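Undergrad: Spelled out, the chains give:
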Amino acid sequence: MNVMTNLVAFDVTRIRDDFPILKQTIRGKPLVFLDSAASAQKPRVVIDAMVQAMETQYANVHRGLYWMSERTTEAYEAARDATAALMNANNRSEIVFTGNSTGAINLLAHSYGRGVLRPGQAVVISGMEHHSNIVPWQMLRDAHGIELRVAPVTDAGELDMDAFAALLEDGKVGLVAITHMSNVLGTITPAERIVKIAHAHGAKVMFDGSQAIVHRKIDVQALDCDFYVWTGHKLYGPTGIGVMWGRKELLERMPPFMGGGDMISSVSYEKSTWAAVPHKFEAGTPAILEGIGLKAAIDYVQTIGYGAMAAHEASLTEHALARLAGVDGVRVLGQAQDRGGVISFTLDKAHSHDVATLLDRQGIAVRAGHHCAEPLMRRFDLDSTARASFGVYTTHAEIDALVDGLVRVREFFQ
Amino acid sequence: MNVMTNLVAFDVTRIRDDFPILKQTIRGKPLVFLDSAASAQKPRVVIDAMVQAMETQYANVHRGLYWMSERTTEAYEAARDATAALMNANNRSEIVFTGNSTGAINLLAHSYGRGVLRPGQAVVISGMEHHSNIVPWQMLRDAHGIELRVAPVTDAGELDMDAFAALLEDGKVGLVAITHMSNVLGTITPAERIVKIAHAHGAKVMFDGSQAIVHRKIDVQALDCDFYVWTGHKLYGPTGIGVMWGRKELLERMPPFMGGGDMISSVSYEKSTWAAVPHKFEAGTPAILEGIGLKAAIDYVQTIGYGAMAAHEASLTEHALARLAGVDGVRVLGQAQDRGGVISFTLDKAHSHDVATLLDRQGIAVRAGHHCAEPLMRRFDLDSTARASFGVYTTHAEIDALVDGLVRVREFFQ
Amino acid sequence: MSPSDSFDDLRDLYQEVILDHGRKPRHAIRLEEFDATAKGDNPMCGDRVQVWVKFADDGIGRVGFEARGCAISVASADLMAETVQGRTKTDTRALFAAFRDMARTGTCQACDPSLAEPIERLAPLSGVHEYPSRVKCATLPWHALIAALDGAKEASSE
Amino acid sequence: MSPSDSFDDLRDLYQEVILDHGRKPRHAIRLEEFDATAKGDNPMCGDRVQVWVKFADDGIGRVGFEARGCAISVASADLMAETVQGRTKTDTRALFAAFRDMARTGTCQACDPSLAEPIERLAPLSGVHEYPSRVKCATLPWHALIAALDGAKEASSE
Ligand SMILES: Cc1ncc(COP(=O)(O)O)c(C=O)c1O
Ligand SMILES: Cc1ncc(COP(=O)(O)O)c(C=O)c1O
Numbered sequence: 000m001n002v003m004t005n006l007v008a009f010d011v012t013r014i015r016d017d018f019p020i021l022k023q024t025i026r027g028k029p030l031v032f033l034d035s036a037a038s039a040q041k042p043r044v045v046i047d048a049m050v051q052a053m054e055t056q057y058a059n060v061h062r063g064l065y066w067m068s069e070r071t072t073e074a075y076e077a078a079r080d081a082t083a084a085l086m087n088a089n090n091r092s093e094i095v096f097t098g099n100s101t102g103a104i105n106l107l108a109h110s111y112g113r114g115v116l117r118p119g120q121a122v123v124i125s126g127m128e129h130h131s132n133i134v135p136w137q138m139l140r141d142a143h144g145i146e147l148r149v150a151p152v153t154d155a156g157e158l159d160m161d162a163f164a165a166l167l168e169d170g171k172v173g174l175v176a177i178t179h180m181s182n183v184l185g186t187i188t189p190a191e192r193i194v195k196i197a198h199a200h201g202a203k204v205m206f207d208g209s210q211a212i213v214h215r216k217i218d219v220q221a222l223d224c225d226f227y228v229w230t231g232h233k234l235y236g237p238t239g240i241g242v243m244w245g246r247k248e249l250l251e252r253m254p255p256f257m258g259g260g261d262m263i264s265s266v267s268y269e270k271s272t273w274a275a276v277p278h279k280f281e282a283g284t285p286a287i288l289e290g291i292g293l294k295a296a297i298d299y300v301q302t303i304g305y306g307a308m309a310a311h312e313a314s315l316t317e318h319a320l321a322r323l324a325g326v327d328g329v330r331v332l333g334q335a336q337d338r339g340g341v342i343s344f345t346l347d348k349a350h351s352h353d354v355a356t357l358l359d360r361q362g363i364a365v366r367a368g369h370h371c372a373e374p375l376m377r378r379f380d381l382d383s384t385a386r387a388s389f390g391v392y393t394t395h396a397e398i399d400a401l402v403d404g405l406v407r408v409r410e411f412f413q
Numbered sequence: 000m001n002v003m004t005n006l007v008a009f010d011v012t013r014i015r016d017d018f019p020i021l022k023q024t025i026r027g028k029p030l031v032f033l034d035s036a037a038s039a040q041k042p043r044v045v046i047d048a049m050v051q052a053m054e055t056q057y058a059n060v061h062r063g064l065y066w067m068s069e070r071t072t073e074a075y076e077a078a079r080d081a082t083a084a085l086m087n088a089n090n091r092s093e094i095v096f097t098g099n100s101t102g103a104i105n106l107l108a109h110s111y112g113r114g115v116l117r118p119g120q121a122v123v124i125s126g127m128e129h130h131s132n133i134v135p136w137q138m139l140r141d142a143h144g145i146e147l148r149v150a151p152v153t154d155a156g157e158l159d160m161d162a163f164a165a166l167l168e169d170g171k172v173g174l175v176a177i178t179h180m181s182n183v184l185g186t187i188t189p190a191e192r193i194v195k196i197a198h199a200h201g202a203k204v205m206f207d208g209s210q211a212i213v214h215r216k217i218d219v220q221a222l223d224c225d226f227y228v229w230t231g232h233k234l235y236g237p238t239g240i241g242v243m244w245g246r247k248e249l250l251e252r253m254p255p256f257m258g259g260g261d262m263i264s265s266v267s268y269e270k271s272t273w274a275a276v277p278h279k280f281e282a283g284t285p286a287i288l289e290g291i292g293l294k295a296a297i298d299y300v301q302t303i304g305y306g307a308m309a310a311h312e313a314s315l316t317e318h319a320l321a322r323l324a325g326v327d328g329v330r331v332l333g334q335a336q337d338r339g340g341v342i343s344f345t346l347d348k349a350h351s352h353d354v355a356t357l358l359d360r361q362g363i364a365v366r367a368g369h370h371c372a373e374p375l376m377r378r379f380d381l382d383s384t385a386r387a388s389f390g391v392y393t394t395h396a397e398i399d400a401l402v403d404g405l406v407r408v409r410e411f412f413q
Numbered sequence: 000m001s002p003s004d005s006f007d008d009l010r011d012l013y014q015e016v017i018l019d020h021g022r023k024p025r026h027a028i029r030l031e032e033f034d035a036t037a038k039g040d041n042p043m044c045g046d047r048v049q050v051w052v053k054f055a056d057d058g059i060g061r062v063g064f065e066a067r068g069c070a071i072s073v074a075s076a077d078l079m080a081e082t083v084q085g086r087t088k089t090d091t092r093a094l095f096a097a098f099r100d101m102a103r104t105g106t107c108q109a110c111d112p113s114l115a116e117p118i119e120r121l122a123p124l125s126g127v128h129e130y131p132s133r134v135k136c137a138t139l140p141w142h143a144l145i146a147a148l149d150g151a152k153e154a155s156s157e
Numbered sequence: 000m001s002p003s004d005s006f007d008d009l010r011d012l013y014q015e016v017i018l019d020h021g022r023k024p025r026h027a028i029r030l031e032e033f034d035a036t037a038k039g040d041n042p043m044c045g046d047r048v049q050v051w052v053k054f055a056d057d058g059i060g061r062v063g064f065e066a067r068g069c070a071i072s073v074a075s076a077d078l079m080a081e082t083v084q085g086r087t088k089t090d091t092r093a094l095f096a097a098f099r100d101m102a103r104t105g106t107c108q109a110c111d112p113s114l115a116e117p118i119e120r121l122a123p124l125s126g127v128h129e130y131p132s133r134v135k136c137a138t139l140p141w142h143a144l145i146a147a148l149d150g151a152k153e154a155s156s157e
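Residue numbers (numbering that gives the first Met the number 0), protein chains in the order written: chain A, 0 to 413; chain B, 0 to 413; chain C, 0 to 157; chain D, 0 to 157.
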């Protein structure tokens, strides 16, 4: 990877200026934030968009017949347009806003799981899912008699595609719900192949794109999948908003998840009727300010461009893997061919919690634990790892600081 | 009501300075915002708290082993303490955060409704509920064989307490889910009496306090109720966060609603176990920034004090009712004894939508429509009303502007 | 309010013609003889309209309606009835498309010149574009009319 | 890293005594003879500990443990075993309350003066209060110990 090319295409110094928090120091040391996979920092444009909404035009949305409400509705609904464009959705009404990815997957597990799948059918997940893409399907299994099948992960941390295909053989699988990028291993799963195999066996496909959408351009029509979920706070947007994209004809077949204001067409005690999609799935006052913030985040990401972001992160990841390989006692989990900027590792002399705390003493923020992926940890006989993850603002120098920090931790524990 | 006393206790001019948006003009006219019951404006302290979190210490919460994550966790969890104190909850772990009131009621309808209530039991709502406190119970009825009973509303817009009591006679009612204040009529329901009657018949009680908590000090222990829900954006907080308070022993008996990260104790494919309350009910990355904003809103409200707020609103309401009574053709809906600062009305010469739009032309924001309470509208043989509602920042002069505006609209339609 | 108070601020949206047609609609009658009829319903705001059509040759002879709703929806129904009278069905559909465009955006940029005259008559309603949630008030009667032309009983909601 | 690099920034939280007890715990043994035993489990971070207790007179004779977890939890278990030896059960409970207070807040303000000496020995762990999510690492072995005193098999999670 030619660093010079990147420097031209991607001026990380300028990008860092967009994020007020990066000027912070921790214990007198410059902040080295390497936990973007848990939640990304927010650029000034996102902060400003939310502030501006609250200071100049805030009101509740939909059905307000006055100026501010109309303008706020437009601003909120513009987030739907931006999201549809970001994912190349066919139709803006295919974009359903939820509270986060977890809310999106639960919506699907209820509305598609209980509403469309029939007892006796099966759902396939993989061995590298986040708890948010495991537990809702377990709850569906226990409540609705759906079988839960798990596609195994290879030692390299990739999806075992033969085993995956075998799980679909009997034609009982109604839905495949698989991560598009592991939040532990960084592995990007072969989405197109997954869809081809699943569709060939009559199964629909949902991708958990919580991590993937931060690193790769997502085109749901090119992927040809049926549902795609992600979460705003990891894509430089605010907390409190997530996205479920679904094919319109599927959304229309699904019963609503939550009932209440905004999702109805008419209400009487005997019977209520539902609004058209996507509103059918959005009960109550929506996350208005968060939608407005998310729109700003999407615009921000689009301005930088996925090409530049992916190249920058590929360069960071390559650098990090090379440098970590040079530290005695560091073991990186997973060696997938196709991977994004998330790296889990262990250190021989120290528990990952001690590693994280001692890096924090040096101003370096990494995450440690099971990363909400206990079954994957168990697959690799681990309780926890430390994890460094990268965003648009991450620098090569920060990776060097991490490596130096790890060397110090190891010496300290010697 | 002695206006002078209020002026001393409550300096509305100073309060208005706290809300940046109130400096806005609409079509060159000063903004008269009378739609706080739909969603309230945000004071600077709320905006600042969210900005400050994003600019100086943002990170994902819970299990982050580094400084920023620990500080953000503290700030987010401080919202739980503030909420518990606001409602006089017995224990901070009785506070569950959701996306809004609607999310809170749906949580209850699922976790308590399907998890604890048994088919054949009944739920009682009232004839003046918001759709958010109707539809979830209808969905429960249809999915789980729960009977839905509706306590009627009198011509004065109050709860018919004899009829209510009669609905509980047969002992089949497991839960009473009733509004604590109508978002259409302004009626405050007799909460203590409702609880006494319900408990005497073995039923639990949930109050929908979405409106009430904006106008009255809520003490869940004094009310002796079992669940109490409300929504942050109406109490001067951000969108994207709601509250469900429940008695700890009930929360502990309830299965979780959504599954995912943060709500588990351990996960394996065979079986997952749940975190302790309240985390069992909070799946996925929470509304972190919104919690921080809500904390600031609660502090703001506590500083003003419910006594002063309620007195101010009582004075506004009295003034508005008196002045509206003087406008030909205006009919106010409901004449409850105990009421808060929400007034619905119709004008003889103009449809409520035209009223709202024509008031907007004069810079005055009111809401018009069924206010997400279609069955209540039907009870009064109406399709829609216009509605003015008040907040801490509302002035007597704004009510005068509304009345003048209505007179003009009526003349215009003459 | 002083008697000299002008209503300019109100009238820029509710022009005299809207007030007039809203107050005294000329075509608010249930036709005794008709060839088609359909209802439109906007559950969100409670507006309801029924439209009756009597054909003449291959065009529209006469339109009558009953409406419950705001001044804008009543005026729009009445102006519609007036404007489509004597037009072919094809023309009427084209006019609806143009009108909807105008109601949403304030102008009808892509309008066929042949529609200039009827669009001009409907232009007083163009101000609703500032209030997206009221656009449906103006288009609801049209949806019912088109449904009637299609032989449907009810306008499908947008 | 130059050899002159000091570890002051790391050592203010991980004092030498923690590193030492974490690396070479003296009491990390499963007692062959014991009167009570209990497990502690922190599923959130995977820490696991088992504690064995042998009583002497009405007090604690000896404590052994097996722990899987971070340096802080192992050091805490070892310091605990060392400190409670020879104390009465009542004393031990009081000491746990005081220690938990210190782990959460950094100091033990309301501490009984009689606990000054043992609290002093446990004080190197007080720095965890800066990391609320690590407080449990330090208190987990104590929870297991108290569970054993209570005759329970497992510490109930906080
Ligand atoms: C009485 C009442 N209940 C419930 C709600 C629903 O609140 P939210 O839309 O925030 O879920 C509202 C407000 O819209 C309300 O006024
Ligand atoms: C792969 C993956 N799926 C799902 C989630 C859940 O996202 P959220 O917590 O925003 O619901 C995350 C992040 O926590 C994730 O990394």
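Careful, some of the hints might be misleading.
Unchecked claim - If we take Cβ atoms under 8 Å as the criterion, some of the chain A residues that face chain D in the derived model are:
#1 357
#2 374
#3 378
#4 380
Claimed, not checked - Derived DMTMM-like pairs: lysine to aspartate or glutamate, alpha-carbon spacing no greater than 25 Å straight-line:
#5 C:152 to B:382
#6 A:22 to B:54
#7 B:270 to A:146
#8 C:135 to C:119
#9 B:28 to A:146
#10 A:247 to C:65
#11 A:22 to D:149
#12 B:348 to C:65
#13 B:270 to A:298
To be verified - In silico contact screen, one side only, chain C against chain B (beta carbon under 7 Å); selected entries:
#14 9
#15 33
#16 40
#17 45
#18 54
#19 69
#20 70
Rather than coming from a laboratory, the hints here were simulated on the basis of the structure.
Note that the coordinates shown come from a computational prediction; the quantities given were computed from them, not determined experimentally.
Just so it is clear, CB atoms sit at the ideal spot from N, CA and C, and this is done for glycine as well.
Undergrad: Taking the hints in turn, state whether each one holds.
TA: Now the hints, each set against the structure:
no., hint, in the structure
1, 357, "holds (5 Å)"
2, 374, "violated (13 Å)"
3, 378, "violated (14 Å)"
4, 380, "violated (12 Å)"
5, C:152 to B:382, "holds (23 Å)"
6, A:22 to B:54, "holds (9 Å)"
7, B:270 to A:146, "holds (13 Å)"
8, C:135 to C:119, "holds (20 Å)"
9, B:28 to A:146, "violated (62 Å)"
10, A:247 to C:65, "violated (35 Å)"
11, A:22 to D:149, "violated (51 Å)"
12, B:348 to C:65, "holds (18 Å)"
13, B:270 to A:298, "violated (41 Å)"
14, 9, "holds (5 Å)"
15, 33, "violated (26 Å)"
16, 40, "violated (11 Å)"
17, 45, "holds (3 Å)"
18, 54, "violated (32 Å)"
19, 69, "holds (4 Å)"
20, 70, "holds (5 Å)"
Checked against the numbered hints given earlier, this structure breaks hints 2, 3, 4, 9, 10, 11, 13, 15, 16 and 18; the rest are met.
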